[in-house]
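The residues making up each chain are set out below.
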Amino acid sequence: MREDLSSSEFDQILHRTQARIRAYIAGLGVVAHEVDDLAQEIYLEFYRTGDRMPLEVEPERWLKGIARNVCMNHFRKTTRRKRLHRRALAEILAATESDLHVASNELDLESQLELCCAKLPPKSRQLLSLKYEQELSSSAIADAVDSTAEAVRIALFRIRSALRDCITRRQEALGET
Amino acid sequence: MSERPSEDHEIDERTEQVLVSRYVHGRDTLDESYVEMLVAACRRNPALAVQLHEQLMVDELLRQQLDEKRGDFVSQVEQRVRDEQSGMQGGLASLADLVPIDGDAVPDDGVESDDNGIDMREYAIRELDQYRESRDRRGGWVRVLGFVAVVLATAAVTLWLTWPADDSGVLFPTGDVQVARGREVLYPTEPFVTGPGDEIRVSADGSAVVKYADATEVVLEPGTTLSIPATGVGKQLVVSQGELRAKVSPQPAGRPMQLATPSARATVVGTEFALAVRPNGVTRLEVREGRVELARLADGKSVGVEADQYAVAAEPNGPLEVRTAEFPASEWAEQSPEEAGLSEPQVQTFAETVGGRGCIVRDGRLVHTWGDVSTHGPGSRVTEALLSHLLFLAVEDGRIDSLDDRVVVRQPLLADLGGDRKDAAITWRQLAQHTCGYGTRDAPGATFSLKGLQAGLLADTLVERVFATEWSEVDDELLQPRLVGPLQCEDRPTMSGGTPGVLRISPRDLARFGLLYLRDGRWKERRLLDRRLAAVATSSPVSNDVPVSAAKPGPTIRNQRSPWRSVEIDHFGSYSFGWWLNGVDRDGRRLLPDAPTDTVVATAIDGREALVVVPSRGLVMTYADGNRFDWKPGADNRLNQAIAALLAER
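Each protein sequence line maps, in turn, to chains A and B.
Take 1 as the starting number for the first sequence in our numbering and just add one per residue.
Take 1 as the starting number for the second sequence in our numbering and just add one per residue.
Careful, some of the hints might be misleading.
As the list claims (entries may be wrong) - One-sided excerpt, in silico: chain A residues whose CB lies under 10 Å from chain B:
id : residue
1  : GLY29
2  : LEU44
3  : LEU89
4  : GLU97
5  : GLU110
6  : GLU150
Just so you know, these hints were derived from the structure itself, not from any lab.
Just so it is clear, CB atoms sit at the ideal spot from N, CA and C, and this is done for glycine as well.
Looking at chain A on its own, in the form it has when it is part of the complex (with noise of 0.2 Å):
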């Protein structure tokens, strides 16, 4: 380890922000399987570099910055010409990150997200587990439930909206007390 990043604080700092980047690295649009890769790619650089991180700049802050480099360079090496508007969707994506909602900051959006999956109608939380848990294709839940794969797609597409609302509104509450 570097000599003014230790051991213990290299560790502190992965386990406090490991959720929020690996969430960060998909919401640029890198594909589910590849997502734990990238981001163990990203905290080794930041394991290498942690020593010019200045004192003044958030770790996790830093870190988004390795995180956006490692995922351009992923796109730019893995997308061939007919692919590249994905490059370009991830630049879009990247360019939103001081307009979301959802605050990807210190506060513990794990929980938050726990707290929130827990008041969601039973119909719902059905449909989380039938494509997290059990990890089915929207045609096999839409086979389990009786609908159409789009429908399915669509009703995840508005639990996932209630999640980050309600997540937003327990953020502004915190940050208010």
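Assemble the complex: chain A is given as a structure, and chain B must be docked to it using the hints.
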């Protein structure tokens, strides 16, 4: 996929939700046309991009929380860190040494990326920029300015310490730029010291500047390939394709800067100039200040090109001439045929051969007119070159990202034509080049068909959906401010006075449009079209590998209009965005065998109206209501005969 996004021009909220949810759920397998629509929708509506970002974040957080099969991420990272500490990834550890934000020197090879292409300085600077912005909002001006000053000073000192003292330059890349060094290909994202043997490849998405210690600067335009010979005296560059502009400080005696192209060599002692290599190998040199010697490699002929002059090294055996090109004011300045280096019989023969009414312009001055040159022409396919001009303006404006964008983004009705959705893949380039297959059963890019329906689709989509105007307003809102006004046309050209999309223009005003392209999009001190786009227009022939369509008619958008009747004609390896280049067809026949190879022509297929531009000779000729003839390659082509007569040795 069975369902399609909405066909409305403005995507509605429901369609946005469909696009976003499909991207969130299956972005690794999603059809590119959907991603393209999503990009366009996010650009139009930034709130949608925020929504998508948050959907993706919440999706990932739900996966983290609910997917029990997902590995323990923290443990995985800790294991990799332990591996790193024990040296298992020693090869990567050197990356840290390439982070010179605290003043470290740039490494010898100037490369600051690792195998992943991670640019540590870039992210540091970005981070600090963001940090600065957030502090600015809190009012920390003094500290921020001090901090920025330190960063800039550090960068300046680093660059100064590493600046090469010899004739090597420092490359400042922007976007996608590669440097081939030996067997290695590098992707510099920071200032990079070039050296003998390097080949710099600037992609269509990049640009670069090479700066030398003596303040000489060479700007490499997108699509340029430039190499630095391993041997040579002074600054030596080889331009194999693309275009550059240079501002060259006075060079030491006996050590001029030299730029070689496939067809010519330019020797520079100190000046400002632009050098372009067209895909057909033609080299064009335009000098703004000072003097440049241009030598043609094929026969060793050379000329000195001075300020506000240009020269084109085209066919090997023709003259290599230095031209000056004036720009007309509200009226054309005139010169006699003799003053223009022509003769009365020559210009008379040209006029009699093509017939009708028209004019000949050389070096920006009117040389000869016949008939009424102030009355509008019939509005033939000559104006397809103008439609392409509007397309290039849309690209230049950023209304269209690229010629290879799909037209369906602006005309959603293309998405569901026929049963195979083939027309959803049509690009702007294919539409303007008539290789789109629209109105036939052919796939986009597969065949050439000079269909009026395609011109109609191009015209309507551009004007109504890209420039968001109406045909009744197009003269005032588009034509006048972007073309007719700056060119100071005399006879009120119009695109709405007859068939919408067909330009009605007098021969003497059409000559102004030709002169604009002769000068690569520049008009006086103003650039009306990006130089590179002007070059694309007149140097991108349809490949001889593309056959003429023999397919049956296919479906079209309901009520699709056609400004011109369709004609069955080959592209002769020459058709380029409404212009006919002097190319060679599949049988090896040159379109205009007795005309200079850099001749470009916009013409009615029956030959009755044409605009001819010959940059290497400084010539623009236009005529309307001329004699009919078959537009085909060979000496029989009447326009070929007319140009040959005009340029015959006296």
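Taking 10 Å as the limit, does the beta-carbon of LEU44/A come near enough to a beta-carbon in chain B? Given a least distance of 6 Å, the restraint on LEU44/A holds.
Given LEU89/A as an interface hint, is its Cβ closer than 10 Å to any Cβ of chain B? Holds, because the Cβ-Cβ distance from LEU89/A to chain B comes to roughly 5 Å (cut-off 10 Å).
Taking the closest Cβ pair, is GLU110/A under 10 Å from chain B? 7 Å, holds
Taking 10 Å as the limit, does the beta-carbon of GLY29/A come near enough to a beta-carbon in chain B? Interface hint status for GLY29/A: holds (6 Å vs cutoff 10 Å).
Interface restraint verdict for GLU150/A against chain B (beta-carbon cut-off 10 Å): 6 Å, holds
GLU97/A as an interface hint toward chain B, with CB separation required under 10 Å: Holds, about 8 Å.
When each numbered hint is compared with the structure, no violation occurs for any of them.
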